[in-house]
Amino acid sequence: MARVLIIAYGNPMRSDDGVAWRAAAALQGRFSSDEVEIVSIHQLTPELAETIHRCEAVIFVDAANNGPPGQISSAEIRPLQTQPRFSHQLSPDAIVALAHQLFGARTHAFSVTLTGACFDHGESLSPAVEAALPALVTRIEALVQQFLLLEAPPD
Amino acid sequence: MKQGSSIVIDPVTRIEGHSKITLHLNEDGRVEEARFHVTQFRGFEKLCEGRPFYEMPSLMARICGICPVSHLIASAKACDSLLAVKIPPTADKLRRIFGLAQVTQSHALSLFHLSSPDLLLGMDADPATSNIFGVAQKNPELALDGIRLRQFGQRIIERLGGKRIHPAWIVPGGVSEPLTEANRDAILSALPDALAIAERTLEWFKSTMERFREEISVFGNFPTLFMGIVKKDNGLTFYDGKIRIVDASGHVVADDLDPTKYSDYIGEKVEPWSYLKSSYYKPNGFPDGIYRVGPLARLNVADRCGTPRADQELAEFHELQRTAVLSSFHYHHARLIEILYCIERLEQLLNDPEILSKHVRAVARPNELEGVGAAEAPRGTLFHHYKIDEQGLIRWVNLIIATGQNNLAMNRSVLQVAKHYVHGNRLTPGMLNRVEAVIRCYDPCLSCSTHALGQMQLQIQLLSPTGEVLDEVSRS
Numbered sequence: 001m002a003r004v005l006i007i008a009y010g011n012p013m014r015s016d017d018g019v020a021w022r023a024a025a026a027l028q029g030r031f032s033s034d035e036v037e038i039v040s041i042h043q044l045t046p047e048l049a050e051t052i053h054r055c056e057a058v059i060f061v062d063a064a065n066n067g068p069p070g071q072i073s074s075a076e077i078r079p080l081q082t083q084p085r086f087s088h089q090l091s092p093d094a095i096v097a098l099a100h101q102l103f104g105a106r107t108h109a110f111s112v113t114l115t116g117a118c119f120d121h122g123e124s125l126s127p128a129v130e131a132a133l134p135a136l137v138t139r140i141e142a143l144v145q146q147f148l149l150l151e152a153p154p155d
Numbered sequence: 156m157k158q159g160s161s162i163v164i165d166p167v168t169r170i171e172g173h174s175k176i177t178l179h180l181n182e183d184g185r186v187e188e189a190r191f192h193v194t195q196f197r198g199f200e201k202l203c204e205g206r207p208f209y210e211m212p213s214l215m216a217r218i219c220g221i222c223p224v225s226h227l228i229a230s231a232k233a234c235d236s237l238l239a240v241k242i243p244p245t246a247d248k249l250r251r252i253f254g255l256a257q258v259t260q261s262h263a264l265s266l267f268h269l270s271s272p273d274l275l276l277g278m279d280a281d282p283a284t285s286n287i288f289g290v291a292q293k294n295p296e297l298a299l300d301g302i303r304l305r306q307f308g309q310r311i312i313e314r315l316g317g318k319r320i321h322p323a324w325i326v327p328g329g330v331s332e333p334l335t336e337a338n339r340d341a342i343l344s345a346l347p348d349a350l351a352i353a354e355r356t357l358e359w360f361k362s363t364m365e366r367f368r369e370e371i372s373v374f375g376n377f378p379t380l381f382m383g384i385v386k387k388d389n390g391l392t393f394y395d396g397k398i399r400i401v402d403a404s405g406h407v408v409a410d411d412l413d414p415t416k417y418s419d420y421i422g423e424k425v426e427p428w429s430y431l432k433s434s435y436y437k438p439n440g441f442p443d444g445i446y447r448v449g450p451l452a453r454l455n456v457a458d459r460c461g462t463p464r465a466d467q468e469l470a471e472f473h474e475l476q477r478t479a480v481l482s483s484f485h486y487h488h489a490r491l492i493e494i495l496y497c498i499e500r501l502e503q504l505l506n507d508p509e510i511l512s513k514h515v516r517a518v519a520r521p522n523e524l525e526g527v528g529a530a531e532a533p534r535g536t537l538f539h540h541y542k543i544d545e546q547g548l549i550r551w552v553n554l555i556i557a558t559g560q561n562n563l564a565m566n567r568s569v570l571q572v573a574k575h576y577v578h579g580n581r582l583t584p585g586m587l588n589r590v591e592a593v594i595r596c597y598d599p600c601l602s603c604s605t606h607a608l609g610q611m612q613l614q615i616q617l618l619s620p621t622g623e624v625l626d627e628v629s630r631s
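Those protein sequences? They're chains A and B, same order as listed.
For the first sequence, our numbering begins at 1 and goes up steadily by one.
For the second sequence, our numbering begins at 156 and goes up steadily by one.
Bear in mind the hints are in silico, worked out from the structure with no lab data behind them.
Worth double-checking, as some hints may not be accurate.
Claimed, not checked - Simulated pairs of lysine to aspartate or glutamate, DMTMM-like, Cα-Cα distance not exceeding 25 Å:
no., chain 1, residue 1, chain 2, residue 2
1, B, Lys293, A, Glu50
2, B, Lys201, B, Asp419
3, B, Lys361, B, Glu336
4, B, Lys318, A, Asp34
5, B, Lys432, B, Glu204
6, B, Lys201, B, Glu502
7, B, Lys318, A, Glu76
8, B, Lys397, B, Asp413
9, B, Lys293, A, Asp93
10, B, Lys387, B, Glu502
11, B, Lys318, A, Glu37
12, B, Lys386, B, Glu509
13, B, Lys361, B, Glu474
14, B, Lys318, A, Glu123
15, B, Lys437, B, Asp410
16, B, Lys318, A, Glu35
17, B, Lys397, B, Asp419
18, B, Lys201, A, Glu123
19, B, Lys201, A, Asp93
20, B, Lys416, B, Glu523
For clarity, every value in this text was computed on a predicted model and none was experimentally measured.
Go ahead and model the full structure; you've got the sequences and the hints to work with.
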């Protein structure tokens, strides 16, 4: 299992909601497979908890719907303290909590989001999001590099 | 009590899709009528018109994120009919493997993620904790087993189809790529753990049944017909065979029915209050032709499973009732037996000497202008029916989905549960949850059956005879 897992999620057929998929595609090939694994999915499901616990770090990449279009935000994720009502579709902090609860995961978790402008049907990005995509990719890459510089824990 | 009342549950939670329930009360405050409304709409049958027929399996897989493989299979079978080809034997077996993996992961989702909170924490548990986190807290091994069993099915789909959701590996005429030795061996090595989970969960489930005697007695416990595809020897199958129908006493009403002639014996009725059509057995008319499909129905129509452990469990299951097993609560039990069957059957198929053959696709141009494909999806019998023009473009599509076939039974089940548990003009969480839980027994997939931009939500409304909303509970 790679040291860092990047989970890009969203719906690539809902315009800017697919920006994480575009970032994931741009990141392919930039890291070795034992360093970084990248998955692109529509939504977060409980099974990801098992995958997450085997990594040292996980980065959730998503489109946001608050703030000015094109704004990039990143934050460390702490396990959710309250229980979500639905289990079909979970938030990153809920997945991290589940990984912690079931697998004793100590995975470092981060989110990187880019605020979208348009979430209508469509496979293209809005101009503001398209313009901000390279900066999103750079932000994720920097976060990964920062983590990879840390010494890997003993097996 | 005000004159004329109804209760609305909106949205219905822990199901796949968007719906609401309305309970109508009489002047004495007792439930008189109940309706399960499906409030999402998709329209796949129309948007496919004009597309080349060979796109259909991939397009149809987009109907659902839970059971795309079932749509792939039924669609590809309809396309095989258009081509008028017999697919290579190995392709047939590989499609079966794909289908069994899908049934396993879908049943695991239904049982572990959606229904185990009811079964483990009880029907009266705080709704805030009735979820996988509550399960993980009370019984971590059960939660882990759910995650691992679902992953087991998804990884098989990923290995064969390249991705977990919306794989396009099944194509008209067969499958696009043969199975590699490495993938076969990897799947075989995962079988023992999956089997152990299935066995463990089945034993746990049977040990809990005593706690749910009351629910068993009123959760869709009424006579209906049961329908499913069986093999020639009346054994359980998910891929191919004949349609068999039994009545509530367990007697065979119809046998050897040709799935491609479904319109001879299945009718569909549209109700103004739901986007979900109601199917019925034509000879008995509407609504007397009410029938159920899915795990409970399949085990009621099948004489055997054809694998050792599942056959033992099926024999025990048939002992639950001298007649057909009627209570829809037993859908859960049937689902677990089917998981056991799927894992055993996967082992048989993967050890088949032909399974690594490279001949996995028949190629032809369209030779027929009309084709029907039928298969057993996790939730029941699935029909895809296409008509094309001389250029191979789709001109007409009809899809009959399992959830639509269970619609009459789901409505009647909601009424039965509501009559038993709901009294007066106020709702309690326990009442509400039981009304939802009976729907979960059927594991309805509303995205499939309304062909949505759906969200998982449920609403229950309590309405007076005059239509006044007395109480309303929403979850979103």
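The hints, checked one at a time:
| no. | hint | verdict |
| --- | --- | --- |
| 1 | Lys293(B) with Glu50(A) | holds (18 Å) |
| 2 | Lys201(B) with Asp419(B) | holds (23 Å) |
| 3 | Lys361(B) with Glu336(B) | violated (38 Å) |
| 4 | Lys318(B) with Asp34(A) | holds (20 Å) |
| 5 | Lys432(B) with Glu204(B) | holds (20 Å) |
| 6 | Lys201(B) with Glu502(B) | violated (40 Å) |
| 7 | Lys318(B) with Glu76(A) | violated (29 Å) |
| 8 | Lys397(B) with Asp413(B) | holds (6 Å) |
| 9 | Lys293(B) with Asp93(A) | holds (20 Å) |
| 10 | Lys387(B) with Glu502(B) | holds (22 Å) |
| 11 | Lys318(B) with Glu37(A) | holds (15 Å) |
| 12 | Lys386(B) with Glu509(B) | holds (21 Å) |
| 13 | Lys361(B) with Glu474(B) | holds (13 Å) |
| 14 | Lys318(B) with Glu123(A) | holds (20 Å) |
| 15 | Lys437(B) with Asp410(B) | holds (15 Å) |
| 16 | Lys318(B) with Glu35(A) | holds (22 Å) |
| 17 | Lys397(B) with Asp419(B) | holds (14 Å) |
| 18 | Lys201(B) with Glu123(A) | holds (21 Å) |
| 19 | Lys201(B) with Asp93(A) | violated (40 Å) |
| 20 | Lys416(B) with Glu523(B) | holds (16 Å) |
Of the hints listed earlier, those the structure fails to meet are numbers 3, 6, 7 and 19, in rising order.
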